[in-house]
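Chains as they are written, first to last, in this note's numbering: chain A, 36 to 910; chain B, 160 to 281.
The hints are simulated quantities; they were obtained by calculation from the structure and are not laboratory data.
Just so you know, these numbers come straight off a predicted model, no measurement behind them.
Hints may contain errors.
As the list claims (entries may be wrong) - Partial selection, computed: residues in chain A whose CB lies under 10 angstroms from chain B: (1) Ala58; (2) Thr91; (3) Leu555; (4) Pro559.
Every residue, glycine too, gets a C-beta built ideally from N, C-alpha and C.
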Amino acid sequence: MSLWQRWCRWARRESELDEEIQAHLRMAERDRTERGEAAEEARANVRREFGNLLLTKEVTRAQWRSAWLDQFTLDLRFAVRQFLKSGAFATTAITVLALGMCASITIFALVDAALIKPLPYPDPTRLVEVTETTPQFPRANLSYLDYQDWKRLNTVFRSFDIFIGNGFLFAAPTGAEPTNAASVSAGFFQTLGVKLLLGRDFLPSEEVPGGPRVVVLSYRTWRQRFGGKKDVVGGAAILSGQVYTIIGVLPPDFQFAPLGASEFWTTIDGKSECASRRSCHDLDGVARLKPGASIESAQANMTAIAKQLERQYPDSNREQGASVIPCAEAIVGNIRPILMVLMGGAGLLLVIAWVNVASLVLVRSESRRREMAVRSALGASATRLLGQFVTEGVVLVLAAGALGLVLADWAAQALKTLIPVDMMPGMPFLQDLGLNWRVAAFAGALAVLGVLLFSLTPSIHFAASKMRDGLTEGSRGSAGKGWRRLGSRLVVVELAIAMVLLVGSGLFGKSLYQLLHVRLGFRPDHLATITVAAPDVGYGKDEQRVKLGRDIVAKVERLPGVQSAAVATMLPVSFNGNTDWIRFVGKPYDGKHIEVNERDVSSEYFQTIGARLVRGRYFSDAEDESKPKVVIINQTLANRYFPGEDPIGKQIGDTSLTPKSIKTIIGVIEDVKDGALDSDLWPAEYHPFNQDSSTFFRVIARTSQRPEAVLPAMGPAIHQLHPDVGSDGEATMEGRIHNSMTAYLHRSSAWLVGGFAAMALLLGVVGLYGVIAYSVSQRTREIGVRMALGAEHAAVYGLILKEAGQLISMGIGLGTVGAIAAATLARTLLFGVSSWDIQTIIAVAVVLGIAAAAASFVPARRATSVNPVEALRTE
Amino acid sequence: MQPQKQSYRDRIELLQGTLDLLILTTLQWGPQHGYGVSIAIKANSGDVLRVETGSLYPALHRLEKQGWVASEWKLTETNQRAKFYRLTAGGKKQLAAEQSRWEQLVKAMAAAMNAGLKESES
Numbered sequence: 036m037s038l039w040q041r042w043c044r045w046a047r048r049e050s051e052l053d054e055e056i057q058a059h060l061r062m063a064e065r066d067r068t069e070r071g072e073a074a075e076e077a078r079a080n081v082r083r084e085f086g087n088l089l090l091t092k093e094v095t096r097a098q099w100r101s102a103w104l105d106q107f108t109l110d111l112r113f114a115v116r117q118f119l120k121s122g123a124f125a126t127t128a129i130t131v132l133a134l135g136m137c138a139s140i141t142i143f144a145l146v147d148a149a150l151i152k153p154l155p156y157p158d159p160t161r162l163v164e165v166t167e168t169t170p171q172f173p174r175a176n177l178s179y180l181d182y183q184d185w186k187r188l189n190t191v192f193r194s195f196d197i198f199i200g201n202g203f204l205f206a207a208p209t210g211a212e213p214t215n216a217a218s219v220s221a222g223f224f225q226t227l228g229v230k231l232l233l234g235r236d237f238l239p240s241e242e243v244p245g246g247p248r249v250v251v252l253s254y255r256t257w258r259q260r261f262g263g264k265k266d267v268v269g270g271a272a273i274l275s276g277q278v279y280t281i282i283g284v285l286p287p288d289f290q291f292a293p294l295g296a297s298e299f300w301t302t303i304d305g306k307s308e309c310a311s312r313r314s315c316h317d318l319d320g321v322a323r324l325k326p327g328a329s330i331e332s333a334q335a336n337m338t339a340i341a342k343q344l345e346r347q348y349p350d351s352n353r354e355q356g357a358s359v360i361p362c363a364e365a366i367v368g369n370i371r372p373i374l375m376v377l378m379g380g381a382g383l384l385l386v387i388a389w390v391n392v393a394s395l396v397l398v399r400s401e402s403r404r405r406e407m408a409v410r411s412a413l414g415a416s417a418t419r420l421l422g423q424f425v426t427e428g429v430v431l432v433l434a435a436g437a438l439g440l441v442l443a444d445w446a447a448q449a450l451k452t453l454i455p456v457d458m459m460p461g462m463p464f465l466q467d468l469g470l471n472w473r474v475a476a477f478a479g480a481l482a483v484l485g486v487l488l489f490s491l492t493p494s495i496h497f498a499a500s501k502m503r504d505g506l507t508e509g510s511r512g513s514a515g516k517g518w519r520r521l522g523s524r525l526v527v528v529e530l531a532i533a534m535v536l537l538v539g540s541g542l543f544g545k546s547l548y549q550l551l552h553v554r555l556g557f558r559p560d561h562l563a564t565i566t567v568a569a570p571d572v573g574y575g576k577d578e579q580r581v582k583l584g585r586d587i588v589a590k591v592e593r594l595p596g597v598q599s600a601a602v603a604t605m606l607p608v609s610f611n612g613n614t615d616w617i618r619f620v621g622k623p624y625d626g627k628h629i630e631v632n633e634r635d636v637s638s639e640y641f642q643t644i645g646a647r648l649v650r651g652r653y654f655s656d657a658e659d660e661s662k663p664k665v666v667i668i669n670q671t672l673a674n675r676y677f678p679g680e681d682p683i684g685k686q687i688g689d690t691s692l693t694p695k696s697i698k699t700i701i702g703v704i705e706d707v708k709d710g711a712l713d714s715d716l717w718p719a720e721y722h723p724f725n726q727d728s729s730t731f732f733r734v735i736a737r738t739s740q741r742p743e744a745v746l747p748a749m750g751p752a753i754h755q756l757h758p759d760v761g762s763d764g765e766a767t768m769e770g771r772i773h774n775s776m777t778a779y780l781h782r783s784s785a786w787l788v789g790g791f792a793a794m795a796l797l798l799g800v801v802g803l804y805g806v807i808a809y810s811v812s813q814r815t816r817e818i819g820v821r822m823a824l825g826a827e828h829a830a831v832y833g834l835i836l837k838e839a840g841q842l843i844s845m846g847i848g849l850g851t852v853g854a855i856a857a858a859t860l861a862r863t864l865l866f867g868v869s870s871w872d873i874q875t876i877i878a879v880a881v882v883l884g885i886a887a888a889a890a891s892f893v894p895a896r897r898a899t900s901v902n903p904v905e906a907l908r909t910e
Numbered sequence: 160m161q162p163q164k165q166s167y168r169d170r171i172e173l174l175q176g177t178l179d180l181l182i183l184t185t186l187q188w189g190p191q192h193g194y195g196v197s198i199a200i201k202a203n204s205g206d207v208l209r210v211e212t213g214s215l216y217p218a219l220h221r222l223e224k225q226g227w228v229a230s231e232w233k234l235t236e237t238n239q240r241a242k243f244y245r246l247t248a249g250g251k252k253q254l255a256a257e258q259s260r261w262e263q264l265v266k267a268m269a270a271a272m273n274a275g276l277k278e279s280e281s
């Protein structure tokens, strides 16, 4: 029955009841007037005879309600009254429970946003990421020619498209501004299933060499750079000095995590130098599976095609395989393990909170033994008493759940603001972080579990002990023993979980420390960096770019507080990649690709970042195109390919040793961390920027003062020199390292798990305190007797602390096993620390032991202050 | 309070549970509205039993909910619209059961009190 119908029925009954009573009054009045009473008198008499009209109606109405509901309301009122009466219990239980639920709900909201619904496209499970594989990279970029063959030969994809992130210099009113952009194949938006807000999608004729230059704008760009005008479609945008026709605008909710905050979307026309070489890999693939095709069949199909290409092009395609994984996996795969750990941590915290509140409920029910016995003796049935417990559980959980939801919503918003702004475009799915129906359903499930737990614990407890015992005066001791056993077990669980979380946070903390203190091979302090992008127009030739690099270095070096400056195509601590396939002159070559990191750096680079030269010399500024080609290698490359030899003077070339690719090794530097903080060291080669220049590079300055002070001056200085060159991304090297994805993930997991652990420690210790304090209160009489018989204070302390000590050591022992098991599960997230790190375990055991001992010392002290005479007099 | 109590002195308070039996018995002779039921009980008991309206209406509604009586709106002889209650089949069964229980109770009470009287006489 709908609520509306219910209400109608109720309203009809209400008016009928009114009429029924009015009829009664009128008939009684009529009888009286017929017997000769005056009308006024009759009315007054009838009303008096009838009695309390409102009360009659109220009692009659009460008959309509179902007995069950009636009882529930009664129980509810009673429960609320009970809770209000025992304010301390209610406050503690609700707070503890709300915190526990808040943590779980928040983390679930995170999991929901990132793992359950990461892709805002129709039928997202049919979208796959398609890439090549190499021995070095399980997922490597596609080359344009390989893509063409894969697309032509595959039988599993309904559509298959490619994308690449790049950038444009946008002619903003304030000068050239570097912007994020993306190039995609024409069917890209169709494959994703995205409908444009304005204008049209790309046409196939726009992805061929020589096709028209067209651009699709992101919604934000349309609003912010083009004033949000509808007639912008068909207009022109000048990007890096070229004119593009605007053909469409993306919808406001469009997101594609791999391309972050791309403002301009253009087509890949396959006319770049890289696209002409099968060995040049710079593309990513996304495809929609045909109906009936699975990830596995697609993987098999692509692997077969890759094998065929490997036979056809043994030089470029040697060991190039294929990888097909779900798109969601490609986007959130790296944060999944951390989310799982957080979910586990929050779950454990919730268990502690539940256990803690369950013990509170138990202790409270223990003190209500008399009340229950009296009610039972007065005829309350077992179900009636159970109903009372269920109602109390419902009230408790509802109050805590409501508070928990509010806190969780707040925490989710706070979590969102904690994510660094420049990291957000890479995780667009987190923008939707917050409460939704799935999160609410999760909270509901937790609430149901909680109600079951909190209503069943006291019921089972009472069922186990004879109700009648509650009425007899001296029975408290024996019943208390039962509770003490159960309560102690619960406290051991709490302490063990606290131990697991504490060890977890210790390990994450240590990982973070190790990560931030990893050997970098250079001095990251006092370094200021900025990114520079020059348009092809005006900087198309080597000499132009070399001059630009030299000009900028000279200009930045003259800034106050700058000691030296350099340019490099990639900064240290970025990622392993941007690789080159090399071969050594005079060494046997089996055709296997030797893949090394390649960075192009100016002559002052190594001195500026503080890298150490092991052998040979640095580049000189004069080494440009006119001089013989030179190269500096890192120690890893030297050790791996020149073991026991002096590499200086040896030569490196491309896979077929093309004469113009031959470079002479002039120096070996100590390994510099090129990749992310937690990545391995790769062999690396460094080319002089003056022999291998580019229009996109970084400027690094070593400063004598705080590098932050130099940052604001760098952009304007470059702009003043070359107004058509754009710059952005000013950051100190330490800031970059600190805010890198790896550091961020480690730091956030350390903090979150640390927060859970702190709460768990608090709850566990409070739980222990509760058990010991209860035990002391139960044993007051016993302690009194002992002291009356001459027991020393020390003996009484010993008595109490022994009990506590047993619980603590059991908790720590169990916790150690659990901690090692948990850490083994999460070992991929640890860095530089093993899952059974003895130091951490011992430190945590000591901290937990001391905290727990302190918590049990308080009741022990109270026990010794027991006055024997008083104690014996009670009961 | 005191004077009001006085006026009720020679009336008998209804035993718990007997009101339902009285209502069912009254309705045995045909459909009747609430006022009619109260008048009938009063008259049939020789003015000894008086039903409080505060108990009568809750009892009628309770019996209706249990399905022992059904109600419908009709006009009285004096053209007054009133809610008439009538016994249902279930109500008749219930009445029979209640009546036999009541008779047992009366017999048992009488026997017990007779025994008590004899004892006190001897």
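Hey, does the A:Ala58 contact hint survive, CB to chain B under 10 angstroms? Since chain B brings a Cβ to about 4 angstroms from A:Ala58, closer than 10 angstroms, the hint holds.
Quick one, is the A:Pro559 hint okay against chain B at 10 angstroms, beta carbons? 81 angstroms, violated
Less than 10 angstroms between beta-carbons is the criterion; does A:Leu555 satisfy it with respect to chain B? 82 angstroms, violated
Does the nearest C-beta of chain B fall within a distance shorter than 10 angstroms of the C-beta of A:Thr91? 5 angstroms, holds
Hints 3, 4 from the earlier list are contradicted by this structure; the remaining hints agree with it.
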